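Colleague: Listed in order, the protein sequences are those of chains W and L.
The first sequence runs 567 to 776 under the working numbering.
The second sequence runs 567 to 776 under the working numbering.
If you are wondering where the hints come from, they were derived from the structure by calculation, not from laboratory data.
It should be emphasised that the depicted structure is a prediction, and the values quoted were computed from it without experimental measurement.
Check the hints yourself; a few may be wrong.
Intra- or inter-copy, both count: the list cannot distinguish identical chains.
Claimed, not checked - In silico DSSO-like links for lysine-lysine, alpha-carbon gap of 30 Å or less: (1) LYS763 x LYS586; (2) LYS653 x LYS694; (3) LYS653 x LYS628; (4) LYS668 x LYS734; (5) LYS754 x LYS668; (6) LYS754 x LYS628; (7) LYS627 x LYS715; (8) LYS715 x LYS595; (9) LYS661 x LYS763; (10) LYS653 x LYS763; (11) LYS763 x LYS668; (12) LYS653 x LYS627; (13) LYS668 x LYS715; (14) LYS734 x LYS653; (15) LYS734 x LYS694; (16) LYS734 x LYS763.
There are 2 protein chains.
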Amino acid sequence: MNFDDLMANRRSVNFFDPEKEVSEELLRKTIRTAAMTPSGFNLQPWSLMILRTPGDKERLKKVAWNQPKVTEAPVVLIVLADQEGWKEGHPFVEKVFNEMVKSGAMVEDQRQWFADARGSLYGESAEKQQAFACKNTGFFAMSLMLAAKSFGLETHPMDGFDLAGVRKEFNIPDNFWIPLLLAVGHVKDDFEPALPKWRKRVEDIVVTFD
Amino acid sequence: MNFDDLMANRRSVNFFDPEKEVSEELLRKTIRTAAMTPSGFNLQPWSLMILRTPGDKERLKKVAWNQPKVTEAPVVLIVLADQEGWKEGHPFVEKVFNEMVKSGAMVEDQRQWFADARGSLYGESAEKQQAFACKNTGFFAMSLMLAAKSFGLETHPMDGFDLAGVRKEFNIPDNFWIPLLLAVGHVKDDFEPALPKWRKRVEDIVVTFD
Chain W
567 MNFDDLMANR RSVNFFDPEK EVSEELLRKT IRTAAMTPSG FNLQPWSLMI LRTPGDKERL
627 KKVAWNQPKV TEAPVVLIVL ADQEGWKEGH PFVEKVFNEM VKSGAMVEDQ RQWFADARGS
687 LYGESAEKQQ AFACKNTGFF AMSLMLAAKS FGLETHPMDG FDLAGVRKEF NIPDNFWIPL
747 LLAVGHVKDD FEPALPKWRK RVEDIVVTFD
Chain L
567 MNFDDLMANR RSVNFFDPEK EVSEELLRKT IRTAAMTPSG FNLQPWSLMI LRTPGDKERL
627 KKVAWNQPKV TEAPVVLIVL ADQEGWKEGH PFVEKVFNEM VKSGAMVEDQ RQWFADARGS
687 LYGESAEKQQ AFACKNTGFF AMSLMLAAKS FGLETHPMDG FDLAGVRKEF NIPDNFWIPL
747 LLAVGHVKDD FEPALPKWRK RVEDIVVTFD
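Generate coordinates for the entire structure from the input sequences, incorporating the hints supplied.
Modeller: Here is the structure:
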């Protein structure tokens, strides 16, 4: 499928068929494909919790506005954005720097420059930390939705949940924001795709300030 | 190209050929494709400024760490995330609600429910407003990069800029965060794509907290 068809055919699906499983293999392939997403300084500040059991999904549903799709979808992902994923000493920050040195993209002497750049761009204020975490994890989540669709899966990104409630229920550490939940599964056989929702035209998106 | 090949072949390109133009038609097609991106309550809180002239790109380069690609790329987009794109009375919020009523997805009586939901999810704190703006605009920017690649264009998402400086230089109103700049163009004929950078494995991405 061409990319523009993929974009045009993706829908946020409200009704999943609970009988149609998502294999572990297909889910891993989806995540592996989305893992190629770019990020600021390649820091990849995203993580996923995978919920599959009826018990876990019931626990989530109670803090997610009781949305039926939380338990109907075979898989629900809690998407996490690491607000500290830029800090010196963070294991993935160390890994990213070491890999850059290994590939020749940076040299060891740039360690302090790299730390200073991350600090000024991402760490200087709460608003910068949140932008870093949520923008990059937004990139990743979009890739996940498109990868899923390209492999025959449907998704629904959900904002309707109690963030503090989800954090507490699943023991999610404070450094993670929860930008969205993502239901993943298949539609029922009698599913009729809705027309696309209204979208801004190019003229609405492009702005000038004079 | 299959979606996984598209993901595997996209690179953040550092060297653009300034001689190879990006037609207005192709740029509009790219934006139109990315406009199908989903967003919380379909609010689409993203905008773009399009910079094409040497003068505009020079002005941007000065507040973007003097990165040569800012002037070498034929097009640079300033990607904007509207922190107020959830508020009652915002023109696109009104439009989205009216279109939902028109399509039968909501009824007129849900106006207050819709306003309350947006307020509690996106407006309750500075951190929620920032997450709303940057996550959704992150979705959109990822779609832009992939749409561009699918149409034969290359991109580079840039974080290396002075946000306050860009805001001032281009009269960008305070309600917009600037999550990234996006260089768009073509590579030079002798371009050799680098190997993909290191990426987290599925095992690195999936987390549990017990």
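Colleague: Now, for every hint given, state plainly whether the structure supports it.
Modeller: Quick rundown of the hints versus the structure:
1. LYS763 x LYS586: within (26 Å within a copy, 35 Å between copies)
2. LYS653 x LYS694: Both. Shortest intra-copy (13 Å) and inter-copy (22 Å) distances satisfy the 30 Å Cα cut-off.
3. LYS653 x LYS628: Answer is between: at 27 Å across copies they meet the 30 Å cutoff, but 34 Å inside does not.
4. LYS668 x LYS734: neither (40 Å within a copy, 39 Å between copies)
5. LYS754 x LYS668: This pair counts as between: shortest inter-copy Cα distance 26 Å, intra-copy 48 Å.
6. LYS754 x LYS628: within (24 Å within a copy, 54 Å between copies)
7. LYS627 x LYS715: within (24 Å within a copy, 38 Å between copies)
8. LYS715 x LYS595: both (12 Å within a copy, 21 Å between copies)
9. LYS661 x LYS763: Answer is between: at 12 Å across copies they meet the 30 Å cutoff, but 42 Å inside does not.
10. LYS653 x LYS763: between (40 Å within a copy, 20 Å between copies)
11. LYS763 x LYS668: Classified as between: cross-chain Cα gap 11 Å, same-chain 46 Å, threshold 30 Å.
12. LYS653 x LYS627: between (33 Å within a copy, 27 Å between copies)
13. LYS668 x LYS715: For LYS668 and LYS715, the Cα distance is within 30 Å only across copies (28 Å; inside one copy 35 Å).
14. LYS734 x LYS653: both (24 Å within a copy, 28 Å between copies)
15. LYS734 x LYS694: Result: close both inside a copy and across copies, 25 Å intra and 18 Å inter.
16. LYS734 x LYS763: neither (34 Å within a copy, 35 Å between copies)
Of the numbered hints stated above, those contradicted by the structure are hints 4, 16, listed in ascending order.
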